[in-house]
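Protein chains in written order, with the working numbering: chain A, 439 to 561; chain B, 230 to 334.
Keep in mind that the hints were calculated from the coordinates and are not lab data.
Heads up, some of the hints might be wrong.
[Claimed, not checked] Footprint (simulated), chain A over chain B, 3 or more residues, beta carbon under 8 Å:
#1 270-281
#2 318-331
[What the hints assert, rightly or not] The following residues of chain B were derived to be distant from chain A, with all beta-carbon distances above 12 Å:
#3 235
#4 242
#5 248
#6 292
#7 295
#8 301
#9 314
All figures in this text were calculated on a predicted structure; none of them were measured in a lab.
Where a beta carbon is used, it is the ideal one built from N, C-alpha and C, also for glycine.
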Amino acid sequence: EVQLVESGGGFVQPGRSLRLSCTASGFTFGDYVMSWFRQPPGKGLEWVGYIRSQAYGGTTEYAASVKGRFSISRDDSRGIAYLQMNSLKTEDTAVFYCARARGSTSLATFAPWGQGTLVTVSS
Amino acid sequence: DIQMTQSPSSLSASVGDAVTITCRASQSIGVFLNWYQQRPGKAPNLLIYTASNLQDGVPSRFSGSGSGTDFTLTISSLQPEDFATYYCQQSYSTPFTFGQGTRLE
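Could you put the whole structure together from the sequences, leaning on the hints where they help?
Written out as structure tokens, the structure is:
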């Protein structure tokens with residue numbers, strides 16, 4: 439069974455950093471694009487960014503709202519994708535989800551998703 | 230950025246009803262449009278990809294259509310588990326943007 443489990447969320451003060459992990463199982467992790475999303479409480483979904491497979495250079499791309507503050511990396515040997523979040527702002531408060539690309543050649547269709555991890559940025 | 234607009238924002242329906250949700254893109258996106266269902270407190274779940282293709286394991290009462298800028302998601306006969314929020318998402322170009330959601334209640 440394909441499964442994604444996020445961890446690392448919690449309460450953090452503005453300006454601080456936090457790293458989220460997305461641990462994958464049930465598929466060949468290194469073959470797939472992995473993406474991160476967020477959903478502020480009671481609001482809609484926002485794509486945060488993705489990381490391509492090493493076969494495509496492991497390149498990353500980000501939403502403008504997080505570019506320069508957030509970075510995505512991957513450890514294919516451990517089946518984990520990371521979201522490093524720096525200079526956090528109160529408006530970054532959200533449930534963060536990771537998701538796998540639907541297919542090994544897919545980029546922008548997302549299935550499955552992890553269960554999410556809540557990040558609260560507050561003083 | 231491509232803006233995605235869903236209508237309606239909320240929809241009242243009953244078990245057995247047929248419902249249609251509309252999604253409009255701010256520019257042509259071909260068939261690069263996906264639909265997701267999100268139940269309260271849960272992660273989104275892919276229903277339809279590239280406008281009209283049913284994701285594995287999704288009941289056949291869900292269907293999608295459209296191309297260019299206008300798309301629809303239809304549920305042919307609502308079941309109790311279908312009362313959720315539905316999002317469209319364009320997969321044409323980054324940033325990959327979502328509609329604001331349609332809450333089915």
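Going down the list of hints, with the structure as the test:
{"no.": "1", "hint": "270-281", "result": "holds (count 7)"}
{"no.": "2", "hint": "318-331", "result": "holds (count 11)"}
{"no.": "3", "hint": "235", "result": "violated, 10 Å"}
{"no.": "4", "hint": "242", "result": "holds, 21 Å"}
{"no.": "5", "hint": "248", "result": "holds, 20 Å"}
{"no.": "6", "hint": "292", "result": "holds, 17 Å"}
{"no.": "7", "hint": "295", "result": "holds, 16 Å"}
{"no.": "8", "hint": "301", "result": "holds, 18 Å"}
{"no.": "9", "hint": "314", "result": "violated, 9 Å"}
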